[in-house]
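S.K.: Protein chains in written order, with full-length UniProt numbering: chain A, 1 to 187; chain B, 1 to 189.
Think of the hints as simulated: they come from the structure by calculation, not from any bench.
One or more hints might be untrue.
Lysine to aspartate or glutamate pairs mimicking DMTMM-like chemistry, simulated, CA-CA at most 25 Å apart [said to hold, decoys possible]:
(1) K130/A / E60/B
(2) K130/A / E133/B
(3) K121/A / D70/A
(4) K50/A / E133/B
(5) K101/A / E147/B
(6) K146/B / E104/A
Covered by chain B, according to a simulated footprint, are these stretches of chain A (three or more residues, beta-carbon under 8 Å) [what the hints assert, rightly or not]:
(7) 81 to 87
(8) 97 to 105
(9) 143 to 157
From the structure, some residues in chain A lie toward chain B, with a derived Cβ separation under 8 Å [to be verified]:
(10) P5
(11) S91
(12) V108
(13) I113
(14) P115
(15) V136
(16) L160
(17) W162
Here a beta-carbon is modelled for each residue, glycine too, at the ideal position from N, C-alpha and C.
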Amino acid sequence: MYSSPARVQNVFGFFTTVTFSIAALVALSSAVFPANPTATIDVREFRVIKGRAHQYYYSKVQEYAFINFDLEADLGSLFNWNTKQVFAYISASYPGSPGSKFSENEAVIWDVILPSHSASKLYLRNERAKYNINDVTGKFAGENVTLSFHWNVQPHVGALKWGSVGLSEAFTLPPVKTKRVKGNNSA
Amino acid sequence: MSLLDSLGLSELRRLNVRQQLSQILNFALILATAFMLWKGLSIATDSPSPIVVVLSGSMEPAFQRGDLLFLWNRNLDMNKEGGFGGTQVGEIVVYNTGTAIPIVHRVVRRHKGETTPFNLLTKGDNNNADDIELYPHGQWYLDREKEVIGSVVGYVPFVGYVTIMLSEHPWMKTALLGIMGLLVVLQRE
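Chain A with its partners taken away, still in its complex shape:
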């Protein structure tokens, strides 16, 4: 009972018990902090362009939506001692075109990782979307698109949290403007 291996085992057992108890308390404490972030989004510009994504080994000509937006957000209340980072993102959601079998569509057009409280205020004017989205069918058919702002809290330990605030007015994607491609006469 008092041999060295038994002592090592006891010390290690005590260490893990204490560590996991503290981790559990920290994880539970996240629920105490109220999360009430605010955000407003306004759509500034949107157009649809026919093009080709070049980063893939295989690409086909599809329609891409280009969206510019204004964003004002305050995510300060999401930062507490158990916040490792906040992932903030804007998604565009739209119903499918009448012939499509996909009736719910949503795509992230912009995102940012906020590492600390000092980065928790966002103020963007006429910002270009980071990701120019294309539809699963390859084209947009005058869909009504709505932008919304979301956040995801990544804790140091415990449960991940998601939420959504701020919805833009719905806007209709205009018909395609064909991009002039080198050696191609389609205008």
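Following the hints, put chain B in place on chain A, whose structure we already have.
M.R.: Just chain B, lined up with the frame of chain A:
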């Protein structure tokens, strides 16, 4: 009983049959309990692998190598009244498309209809491009039902790192087994 002597296990003879059987039973009980816990969690979460270890840095700084993730896979919600709409963009899913290791990445697009397939596009936070090149050749989307094994709901840092060390440095496995064997021998005295 010369076999036990030649194997160097003559000490076993000191225990009677009843004690030996009880020890075997205890050992079996430990194994069965661990197995039941794992399978029980698997049924509760509807995931073949409800706890995974992060193996790459493509989701940094959210997840580092060795972090432990808890998954939930009851959020497919196909054709279900009162469901929550299934997997949303911004969720982090673990998927397996026949590659050697499962991949943990964030959902950046979802296309859902009345019937399957429920299509997802994923991207690692730390990667510049989305995951189309990680999917099998010619495939543009993930199938939520067939290829995703769960969405990340819980996080514990670093605890899974020991499994990475064991699989990357095989001598550690030998060392670990040796230490355990040594402890068993020492404890008998």
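S.K.: Any CB of chain B closer than 8 Å to the CB of P5/A?
M.R.: With a closest approach of 6 Å, the P5/A hint holds.
S.K.: Do the alpha carbons of K130/A and E60/B lie within 25 Å of each other, as the hint requires?
M.R.: Holds, at roughly 19 Å.
S.K.: Can you verify the interface hint for W162/A: is its Cβ closer than 8 Å to any Cβ in chain B?
M.R.: With Cβ-Cβ at 6 Å, under 8 Å, it holds.
S.K.: Mind checking the CB of S91/A against every CB in chain B and telling me if the closest is under 8 Å?
M.R.: Hint on S91/A: holds, closest Cβ of chain B at ~5 Å, below 8 Å.
S.K.: Mind checking, does the region 97 to 105 of chain A have 3 or more residues with a CB under 8 Å from chain B?
M.R.: holds (count 6)
S.K.: Three residues or more, CB to CB closer than 8 Å: is that satisfied between the region 143 to 157 of chain A and chain B?
M.R.: With 6 residues closer than 8 Å to chain B, the region 143 to 157 of chain A meets the three-residue bar; holds.
S.K.: Tell me if the interface restraint on L160/A is satisfied: Cβ within less than 8 Å of some Cβ in chain B.
M.R.: holds (6 Å)
S.K.: Do three or more residues from the region 81 to 87 of chain A put their C-beta atoms closer than 8 Å to C-beta atoms of chain B?
M.R.: holds (count 3)
S.K.: Quickly compare the C-alpha distance for K50/A and E133/B to 25 Å and report which way the hint goes.
M.R.: holds (22 Å)
S.K.: Is the hinted pair K121/A and D70/A satisfied, with a Cα-Cα distance of at most 25 Å?
M.R.: Given that 25 Å is the threshold and the Cα spacing comes to 14 Å, the pair holds.
S.K.: Using Cβ atoms only, decide whether V136/A comes closer than 8 Å to chain B, and label the hint accordingly.
M.R.: Check passed: Cβ of V136/A comes within 4 Å of chain B, closer than 8 Å.
S.K.: Under 8 Å, Cβ to Cβ, is where V108/A needs to be relative to chain B, so tell me if that hint holds or is violated.
M.R.: holds (4 Å)
In summary, the structure agrees with every hint in the numbered list given earlier.
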